[in-house]
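Asks: Dock chains B and C against the given chain A, drawing on the hints supplied.
Residue numbers (the numbering used here), protein chains in the order written: chain A, 1 to 335; chain B, 336 to 632; chain C, 633 to 885.
List time: in silico DSS-like cross-link candidates among lysine-lysine, alpha-carbon distance up to 30 Å: (1) Lys-827(C) <-> Lys-659(C); (2) Lys-619(B) <-> Lys-690(C); (3) Lys-722(C) <-> Lys-109(A); (4) Lys-802(C) <-> Lys-659(C); (5) Lys-309(A) <-> Lys-430(B); (6) Lys-109(A) <-> Lys-619(B); (7) Lys-802(C) <-> Lys-690(C); (8) Lys-619(B) <-> Lys-685(C); (9) Lys-430(B) <-> Lys-504(B); (10) Lys-859(C) <-> Lys-658(C).
These aren't lab readings, by the way, just hints derived from the structure by calculation.
Okay, here's what each chain looks like letter by letter:
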Amino acid sequence: MKKKSSILKWIFIGAVVGLLLVFPAIAKSRYQVHIVNNIGIWLLLSLGLNIAMGYGGQFNLALGALWGVGAYTAALLQTRLGVPFWINLPLSIIAAAVMAAFVGLPSFKVRSHYLAIVTIGLGEVINLFLVNQDELTGGALGINRIKPPSLFGFPINTDERFYYLILIMVILGYLIGRQIVSHRIGRALRALRDDFQAARAMGVNTGYYQILAFAISGAYAGAAGALFAQWNSYISPDIFEFKSALIVLTMILVGGIGKLPGSVVGTVLLLLLNEYLRVFERWQLVGYGVAIIVVVLFLPGGVIQLAGKFEDFRHRWLARVANEKPDMEEERNVP
Amino acid sequence: MNITSIFIQTLIGGIGIGSLYALIALGYSMTFRSMGLVNFAQGSIYMVGTYFGIIWYRGMVMGLHVPYAAAFLIGLLCNALLGLLLERIFRPLAKLDLMFMLLATIGLGFILDNLFTIIFGAEGFAVDSPLSNTPWNIYGIRVLPQMALLIGVSALLMIGLQLFLSKTKLGMAMRASAVDFEIARTMGIPTNRMNALALSVGCMMSAAAGILAAPIVYVAPSMGAAVGLKGFAAAILGGLGSIPGAIAGGLVFGVLEALSAGFISSQWTKAIAFIVMVVVLMVKPSGIVGEITVEKV
Amino acid sequence: MFLEIDQLTMQFGGLVAVNNVSISIKKGEIHGLIGPNGSGKTTIFNVLSGYYKPTGGKVSFEGRVISGLPAHQITAAGFARTFQSMRLFKTMTVLENLLVAMGHHATVNLFQEIFNPLAVRREEGRFVEKATELLDLLEVGNFANELATSLPYGHQRRVEMARALATDPKVILLDEPAAGLNEVETEDLRKTLMKIRDLGVTIFLVEHDMKLVMGICEIISVLDYGKKIAEGTGPAIRENPVVIEAYLGKEDD
Numbered sequence: 001m002k003k004k005s006s007i008l009k010w011i012f013i014g015a016v017v018g019l020l021l022v023f024p025a026i027a028k029s030r031y032q033v034h035i036v037n038n039i040g041i042w043l044l045l046s047l048g049l050n051i052a053m054g055y056g057g058q059f060n061l062a063l064g065a066l067w068g069v070g071a072y073t074a075a076l077l078q079t080r081l082g083v084p085f086w087i088n089l090p091l092s093i094i095a096a097a098v099m100a101a102f103v104g105l106p107s108f109k110v111r112s113h114y115l116a117i118v119t120i121g122l123g124e125v126i127n128l129f130l131v132n133q134d135e136l137t138g139g140a141l142g143i144n145r146i147k148p149p150s151l152f153g154f155p156i157n158t159d160e161r162f163y164y165l166i167l168i169m170v171i172l173g174y175l176i177g178r179q180i181v182s183h184r185i186g187r188a189l190r191a192l193r194d195d196f197q198a199a200r201a202m203g204v205n206t207g208y209y210q211i212l213a214f215a216i217s218g219a220y221a222g223a224a225g226a227l228f229a230q231w232n233s234y235i236s237p238d239i240f241e242f243k244s245a246l247i248v249l250t251m252i253l254v255g256g257i258g259k260l261p262g263s264v265v266g267t268v269l270l271l272l273l274n275e276y277l278r279v280f281e282r283w284q285l286v287g288y289g290v291a292i293i294v295v296v297l298f299l300p301g302g303v304i305q306l307a308g309k310f311e312d313f314r315h316r317w318l319a320r321v322a323n324e325k326p327d328m329e330e331e332r333n334v335p
Numbered sequence: 336m337n338i339t340s341i342f343i344q345t346l347i348g349g350i351g352i353g354s355l356y357a358l359i360a361l362g363y364s365m366t367f368r369s370m371g372l373v374n375f376a377q378g379s380i381y382m383v384g385t386y387f388g389i390i391w392y393r394g395m396v397m398g399l400h401v402p403y404a405a406a407f408l409i410g411l412l413c414n415a416l417l418g419l420l421l422e423r424i425f426r427p428l429a430k431l432d433l434m435f436m437l438l439a440t441i442g443l444g445f446i447l448d449n450l451f452t453i454i455f456g457a458e459g460f461a462v463d464s465p466l467s468n469t470p471w472n473i474y475g476i477r478v479l480p481q482m483a484l485l486i487g488v489s490a491l492l493m494i495g496l497q498l499f500l501s502k503t504k505l506g507m508a509m510r511a512s513a514v515d516f517e518i519a520r521t522m523g524i525p526t527n528r529m530n531a532l533a534l535s536v537g538c539m540m541s542a543a544a545g546i547l548a549a550p551i552v553y554v555a556p557s558m559g560a561a562v563g564l565k566g567f568a569a570a571i572l573g574g575l576g577s578i579p580g581a582i583a584g585g586l587v588f589g590v591l592e593a594l595s596a597g598f599i600s601s602q603w604t605k606a607i608a609f610i611v612m613v614v615v616l617m618v619k620p621s622g623i624v625g626e627i628t629v630e631k632v
Numbered sequence: 633m634f635l636e637i638d639q640l641t642m643q644f645g646g647l648v649a650v651n652n653v654s655i656s657i658k659k660g661e662i663h664g665l666i667g668p669n670g671s672g673k674t675t676i677f678n679v680l681s682g683y684y685k686p687t688g689g690k691v692s693f694e695g696r697v698i699s700g701l702p703a704h705q706i707t708a709a710g711f712a713r714t715f716q717s718m719r720l721f722k723t724m725t726v727l728e729n730l731l732v733a734m735g736h737h738a739t740v741n742l743f744q745e746i747f748n749p750l751a752v753r754r755e756e757g758r759f760v761e762k763a764t765e766l767l768d769l770l771e772v773g774n775f776a777n778e779l780a781t782s783l784p785y786g787h788q789r790r791v792e793m794a795r796a797l798a799t800d801p802k803v804i805l806l807d808e809p810a811a812g813l814n815e816v817e818t819e820d821l822r823k824t825l826m827k828i829r830d831l832g833v834t835i836f837l838v839e840h841d842m843k844l845v846m847g848i849c850e851i852i853s854v855l856d857y858g859k860k861i862a863e864g865t866g867p868a869i870r871e872n873p874v875v876i877e878a879y880l881g882k883e884d885d
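Only chain A is shown next, with the shape it has when bound in the complex (with noise of 0.2 Å):
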């Protein structure tokens, strides 16, 4: 029975793998890949928060302004100074994450529901900034003009070519996202959000792991920020506003909030819904009102909740085909 469902996944994950690294030549148009590129960018908002909310249950509801600072980071780099995006990338990375971490130093001090409201706040007083500084960042009207990443001459600039480094991107942030919360930190980071004072008791220094949280946020935002304005090659203040976090919120509870499949179900399933029923514009944005709402009430764990309950029902169905006792315990194991 284990080995039967081994191979299953493998050749599953397989296939999958190679779907992705073919997708360009397969794809119907070139807007196709467009769009998988824009959930790749989004992917990475998505992980970070996950981690940050879902594990830590830390509000990092600045999360848009932190993307607008890796974002205007690698754009100023880019064209104040040329500098090339290989360096853009971390330097993007290292301000978000630093920006992230005094947004996270409220978290001290403050509870969760203020806490929410305070990196809300601090995320608007982050855009007001980039709003009025017009000398510095172009004020309302953006920066434009930001030239692609070019890898040893060959330059990057058509959706083709980006696909490939968002997808590398992607695995990383995966992967990296993985590592992360399966060990340690993870197990910090969960013991903060299911009982803060037992955590502290028992040797976690939660302070660290908060700031650390929001750290790890503001991280894969700064790297989202520089992938997407030399993707995009504009950028403008409206774009990183609350909106934005919110939306990442969505995703990840509709998704699956605290596991990191969570993030990739709910941000792909959202932005192709948004793709495909694009003719309901503000109708969707009600929709995802009430995504999160009907989420809350009735499918907290959400999309990957679902594939539990399934798994569950399947295993007792083959069971009782089977004629045998239900053997969850394998199944449990798996992180």
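Replies: Quick look at chains B and C alone, frame taken from chain A:
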């Protein structure tokens, strides 16, 4: 125009805006106090209430031009009903993990904001004051009649609320229900209905705020977002859950904002407001008057 | 000079919960703390574990003042505690609960944590081994991969103790470990406490179950209204008229 009159004018403007924030802060505090829930949709409710009233006043419903006072009452009534509906929605939410509770109310706000944008369009409109548009001139201080109306009616509402809560049987039942849910229940107080009442009152206050302020600020579906945030900040400033705290917090916040807009760059007022709030939260989290802690099973 | 509670006072506004209490605990001892409800026992624990900063007096451990330090530093100094209302991490398995408690012993730094999976896996393997040992010692080893809060009550209590032990403490503070246990389970608890003592851990215990307290504690301190009214061995306390008065005067607790 000497500095004193400018100062007083700014102060009055601050009290006006502060009354607005105070009324909204009341909404937050009343919801928190009765249901232990922070309603992030309060700003959207303010916007919704404004529309409920102003559309009648402005003749947007079948061309009927309803007098301002009547429109005011209609708006209040509609929002009161909304409050009853909200209690039903919040009941299951109040039992949840804090994070989910907050997310759900944020989602609710999102729904209302975008729904009204679909119905009325993202562009807003200006509203004429039922009183004169020319400012009164009192000893060199210029005050818009509408501003005076805003301050006056707000004050009446707030005083009325305080009296209601402390002097009437219903009001005291509401307070009992908020203080200890279980005990109130055993005393036979219909706690769910008390919560519904609390929410209704909170929503009515927001509607009042919006309709009174409409001729001064711009009416648009996006008006709730910024005000909602500031109203919450004001509620925190005064101490979340405290009625006098909400009033005090709102007024202080409004005055602070007006003074900084008047004497420092207006671009940064928003930032200053938040910074003040963050500082207060870090220094004295229970606010100026003091937070009411809510123990919900 | 092992664990010295020195003229400890804890005042909340107008209420004096702990009033000038001094208790001296020797290494390897099993020391009990009893008293009617509201006498300040849990408050003392909260001060010891770093949840409160005392308003008067101090607590010294191995010569060093620890009162007022943040909780995680006190844990690092060698204190562990269990809670009256059990506080296991609800989204984690039994094993994960213990691993969290061992986290502060980790030697890999942040960078390695993320970029050196081999080192992480090695160290984690060591931790898992030690955790499994502890779980086996407390006879809940079979449930290592179960969700901690899905276990029956008695087992959860043991997991909580195992978790406290996982922090590798020198002193363990047990807050009413027998609460909700029946006679058989309480006897098991007594045996478990002996095992813990054999590991070299000093036990400081708050309890209402007199049989357990008399049966296992070497020295017992008695509190009433925040003051220490008696201290001594089990038999001495049992006969002490002041203690009897304090309990009788309280009617049913």
